[in-house]
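Colleague: Below are the chains, spelled out letter by letter.
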Amino acid sequence: MDTSGTISAEALATQRAGRLDGIRAFFGIIRRNHRAFAGLLILIFFVLMALVGPQILTLDNTARYSQRLQAPSWSHPLGTDYAGRDTAAQFVHGANDVITLSLLTALFTVTIAFLVGGMAGVAGGALDSALMFVTNIILTVPSFPIMMVLAMVVTITDPFSFALVLSIWSWAGLARAIRSQILSLKNREFIEASRILGLGLPHIVFREMLPNMASYVAYHFIMIMRNAVTASVGLMVLGLVPFSATHWGMMLNLAMTSTGAVYGSTALIYFVTPIMGIMLFQMGCLFFASGMEEAFNPRLRTQ
Amino acid sequence: MEQPLLALDHVRMDFQSRGGLLKKRATVRAVDDVTLRLDEGEILAVVGESGCGKTTLGRMVVGLLHPTAGTIRFRGADVRTLRGDAYAAYRRGVQMVHQDSYAALNPARTIFQSLSVPLLHHKLVGSRAAARERLEELLTLVGLVPPDQFLDKYPHQLSGGQRQRLLLARALSVQPNLIVADEPVSMVDVSLRISLLDLMSEMNRRFQIAFIYITHDLATARYIASHGRIAVMYPGKVVETGNLNTVLSNPRHPYLQALLAAVPIPDPRVARNMKELPLRSLDMPDPTNPPPGCRFHPRCLYAQERCSQEEPPLAALDGEMVACHYAEQVPTWEWQSVSAG
Amino acid sequence: MSAMQDHVMQLEHISVEFRLPKRTLHAVDDVSLNVRRGEILGIVGESGSGKTTLSSTMLNFVSAPGHITSGRVLYEGRDILALDEEELRQYRWRDVATVFQAAQNSLNPVLKVKEQILDTAAAHDEFPESRVLSKARDLLRFVRLEPDQVLEAYPHQLSGGMKQRTIIALSLLLDPKILLLDEPTTALDVITQAYVMNILRRVHDELQITMVFLTHDVCIMGKIADRIAVMYAGQIVELGSVEDIFYHPLHPYTRGLINAAPSLTDDVSLRKAIPGTPPDLTNLPEGCRFAPRCGLCTDGRCEGDRDGELIEVEEGHYTICCQYQDVGA
Chain V
1 MDTSGTISAE
11 ALATQRAGRL
21 DGIRAFFGII
31 RRNHRAFAGL
41 LILIFFVLMA
51 LVGPQILTLD
61 NTARYSQRLQ
71 APSWSHPLGT
81 DYAGRDTAAQ
91 FVHGANDVIT
101 LSLLTALFTV
111 TIAFLVGGMA
121 GVAGGALDSA
131 LMFVTNIILT
141 VPSFPIMMVL
151 AMVVTITDPF
161 SFALVLSIWS
171 WAGLARAIRS
181 QILSLKNREF
191 IEASRILGLG
201 LPHIVFREML
211 PNMASYVAYH
221 FIMIMRNAVT
231 ASVGLMVLGL
241 VPFSATHWGM
251 MLNLAMTSTG
261 AVYGSTALIY
271 FVTPIMGIML
281 FQMGCLFFAS
291 GMEEAFNPRL
301 RTQ
Chain Z
304 MEQPLLALDH
314 VRMDFQSRGG
324 LLKKRATVRA
334 VDDVTLRLDE
344 GEILAVVGES
354 GCGKTTLGRM
364 VVGLLHPTAG
374 TIRFRGADVR
384 TLRGDAYAAY
394 RRGVQMVHQD
404 SYAALNPART
414 IFQSLSVPLL
424 HHKLVGSRAA
434 ARERLEELLT
444 LVGLVPPDQF
454 LDKYPHQLSG
464 GQRQRLLLAR
474 ALSVQPNLIV
484 ADEPVSMVDV
494 SLRISLLDLM
504 SEMNRRFQIA
514 FIYITHDLAT
524 ARYIASHGRI
534 AVMYPGKVVE
544 TGNLNTVLSN
554 PRHPYLQALL
564 AAVPIPDPRV
574 ARNMKELPLR
584 SLDMPDPTNP
594 PPGCRFHPRC
604 LYAQERCSQE
614 EPPLAALDGE
624 MVACHYAEQV
634 PTWEWQSVSA
644 G
Chain P
645 MSAMQDHVMQ
655 LEHISVEFRL
665 PKRTLHAVDD
675 VSLNVRRGEI
685 LGIVGESGSG
695 KTTLSSTMLN
705 FVSAPGHITS
715 GRVLYEGRDI
725 LALDEEELRQ
735 YRWRDVATVF
745 QAAQNSLNPV
755 LKVKEQILDT
765 AAAHDEFPES
775 RVLSKARDLL
785 RFVRLEPDQV
795 LEAYPHQLSG
805 GMKQRTIIAL
815 SLLLDPKILL
825 LDEPTTALDV
835 ITQAYVMNIL
845 RRVHDELQIT
855 MVFLTHDVCI
865 MGKIADRIAV
875 MYAGQIVELG
885 SVEDIFYHPL
895 HPYTRGLINA
905 APSLTDDVSL
915 RKAIPGTPPD
925 LTNLPEGCRF
935 APRCGLCTDG
945 RCEGDRDGEL
955 IEVEEGHYTI
965 CCQYQDVGA
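Protein chains in written order, with the working numbering: chain V, 1 to 303; chain Z, 304 to 644; chain P, 645 to 973.
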């Protein structure tokens, strides 16, 4: 019988410490894995750049054609673009767009995948078959052409609509994977035990199954962010999305089309900057994601 | 007359195996026409080899499976018709302890996280702090002391024996009336088995919790159910049942006699003098195509024509129930170790 | 150790360590053991005893992060720890064959049994096919299996007991001198287990083959073992004939194991568990390793030293317990 609600301060502290320990242990593992740590640092760098950068490097959009396509100098560390505007400032502001877009896309995609895969896996039967039928169709049709078509048809004005377009055809693979994870977990003894203890479906899905899928979902979240960059850059380079001039994809587009920067030697930096940014960001994602499985594994965390 | 805690009547469980391109669909009758009673605070050992249906039976009792035919009654009410509070009482009242203690605990949660959930969910405690206190009591009860050493660990950090005690603590936390223990000690070292079995016996005595102890090991069954009953299963059917001491001192069904002959005896002189097993063949029947008549007849040394034609019903004999046409003619089981070894 | 005995294998002062990120695990600590020709030697030990690690040294099969840090394994006088790759390959399966726990893992699921047998034979230069197959048929019949049925089958079509018997037959294919069995019956039902034990007995009696049998269940040894070695925490704590071990054990752990095994015949109240928990091989106590659980010493410590020197109390019966006289029968 529970006598009172009091509990020793130590015990409470132990509980809190337990949770903090979990977070500390997670980052401890990332730190030990050099690649993952490098990836984390790169991503943190970009996030900082996106948050703080714009305060430091203000964006001046006035066109000064006399200063176009300059080489790097003290006043313009990354040179200028075709209209004489500072490349570095654009790059930094663009980071904000890139990261926002990636995050939103990942969020939408994972949510849809979780809903579809989750319902299919948990419910089974006819619902499962129906959802998988749809999923399989989406999987067989290549996503980029669809995105191209959608980009032409839908007016994209803000990151939300862009993220929606990017995610609408990308969730299928993850949905299938989530479904199989759930199917395999469904019959595990500890899930059975939860059912026998009468713990209810929401608890079983969110508090028992989800922690066991955490590493998987986290990995895919990061990878979707990476893919979002690729896809959005692709669409922008093709000129299909007239959205935000500072997004690196747009910078790339402008660099290629409006300037002939590819041909000039001093202006190469204007062309190369967004490419480097994209590459670095993707590398950061890949490296960080590689440490996900390890970091979520309780066996390794407690060694 | 007092109502039994649990009553199974003519319970049957069929499984359909999926057909393939080259395989037909087949039906496996895992449990066939089983009738059993269990009273409050009683211990019943269900014994049989793998494939006999004992695990399936356990899962039906616990509510994970619905019988294809027959009824399961908890405190007199058909389990399938229960709703609301009555269902909640059944759900909490019948718990399970699994064989594989590692698989039965969520590897991504600490012990406290896993075990506090049922307490909070069923409102047996009011807060996490109270749950922690309650769990400390429970862990002490099952012999895991000091309890705070265990609560914040993950399952992989504990030994098999410790995890098994945790499973028992978790089952006890919701204050059940019946615990189905499916091979609870088979994955634990031999030297620790007895202490786990003693623990379960103590829980049975102190809290009047009934146990259904499922195993293939007759020796541990005898240990824990020495004051209880036993049911011996052979693919799908109960072939002998009754008070455990009565049944084991005078086994009547040829299959049970074969099982007893096969149990290793820790006495070299006796063990080396034992005869061959009283069986005609080693192979268990094909579950999709069981032999006609008595399922055991192809392996039975005493089988006669009637055995391949008619299935024997469970009939009373000498204070127990046996399913054999010629149970009276089966020779009495000679314990080779009659004199102290 | 009697020099008169003909020893087919001798383990001398074997130590095996496992080096983990933050600690070292002493799996086997200075163990010496002789295997007599033609005997059935049982090695009994629970989890953490080191018996499986010890048996892998017999095949020089200890894999990272484990290292054999000292000792020799002499087979017919040659140290197999010093053999090169090719010699080792010949030695394994031809001289010493193994039957593992859970036979399922040993049989290749995509090969028919017949192909597997032929593959194994070919790997050890046994030809021609017809001779191998006829021998395989004899062996399968020997283990009471139907050769035609088993040879053409895939592993998943056979039951656990049939797979285990098939593995036993396969292990005898090249006429090994020693058969090493690691928990061969643990995953089997009790009737199948009794059957397989009978078959192993027949194999031993008819082929005069030496067997080393590892198990955690001391009861099954009573039927077929000639001698038994009991291991605890990486050491051999007692060694003797099967009757010595069962009827007058000289170590409290052995005594405890036998007492803790529930039986069908004894009074139920005579059973007692061994208190405490299995040893932590990274954190062993000073002095006797069994002391924390021993009923003979009061505060968990015993003057018995940790050297692991076996004392020969009677001929052929050894113990490392310093208070062996108090271990009642």
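These are calculated hints, taken from the structure and not from any lab test.
Among the hints, erroneous ones may be present.
List of simulated lysine-lysine pairs, DSBU-like, C-alpha gap at most 30 Å [claimed, not checked]: (1) Z:Lys578 <-> V:Lys186; (2) P:Lys821 <-> P:Lys756; (3) Z:Lys426 <-> V:Lys186; (4) P:Lys779 <-> P:Lys821; (5) Z:Lys456 <-> Z:Lys426; (6) P:Lys666 <-> Z:Lys456; (7) P:Lys779 <-> P:Lys758; (8) P:Lys758 <-> P:Lys666; (9) P:Lys666 <-> Z:Lys578; (10) P:Lys779 <-> P:Lys756.
Some but not every residue of chain P turned toward chain Z, in silico, with C-beta under 7 Å [to be verified]: (11) Phe662; (12) Leu664; (13) Lys867; (14) Asp870.
No residue lacks a Cβ here, since even glycine has one placed at the ideal position from N, Cα and C.
Colleague: A separate judgement is required for each hint: does it hold in the structure or not?
Modeller: Hints versus structure:
1. Taking the CA atoms of Lys578 of chain Z and Lys186 of chain V, the gap is about 47 Å. The hint is violated against a cut of 30 Å.
2. This hinted pair checks out: Lys821 of chain P and Lys756 of chain P have alpha carbons roughly 27 Å apart, not beyond 30 Å.
3. Proposed proximity of Lys426 of chain Z and Lys186 of chain V is supported: the alpha carbons are some 25 Å apart, at most 30 Å.
4. At roughly 17 Å between alpha-carbon atoms, Lys779 of chain P and Lys821 of chain P fall within 30 Å of each other, so this suggested pair holds.
5. Annotation: proposed proximity of Lys456 of chain Z to Lys426 of chain Z holds, straight-line Cα distance about 24 Å (limit 30 Å).
6. A threshold of 30 Å between alpha carbons decides the hint, and for Lys666 of chain P with Lys456 of chain Z the separation of about 18 Å falls inside it, so the pair holds.
7. About 12 Å separates the Cα atoms of Lys779 of chain P and Lys758 of chain P, which keeps this hinted pair within 30 Å; it holds.
8. Proximity of Lys758 of chain P to Lys666 of chain P is assessed by CA-CA distance (about 47 Å); at most 30 Å being required, the pair is judged violated.
9. At roughly 53 Å between alpha-carbon atoms, Lys666 of chain P and Lys578 of chain Z are farther apart than 30 Å, so this suggested pair is violated.
10. Of the pairs offered as hints, the one joining Lys779 of chain P and Lys756 of chain P holds, with about 17 Å between alpha carbons and a cut-off of 30 Å not exceeded.
11. A cut of 7 Å between beta carbons decides the hint on Phe662 of chain P: the least distance to chain Z is about 17 Å, and the hint is violated.
12. Interface hint at Leu664 of chain P: violated, since its Cβ lies 14 Å from the closest Cβ of chain Z, which is beyond the 7 Å cut-off.
13. This hint holds: Lys867 of chain P has a C-beta 4 Å from the nearest C-beta of chain Z, less than the 7 Å allowed.
14. The beta carbon of Asp870 of chain P is not positioned within 7 Å of any beta carbon in chain Z (closest approach about 10 Å), and the interface hint is therefore violated.
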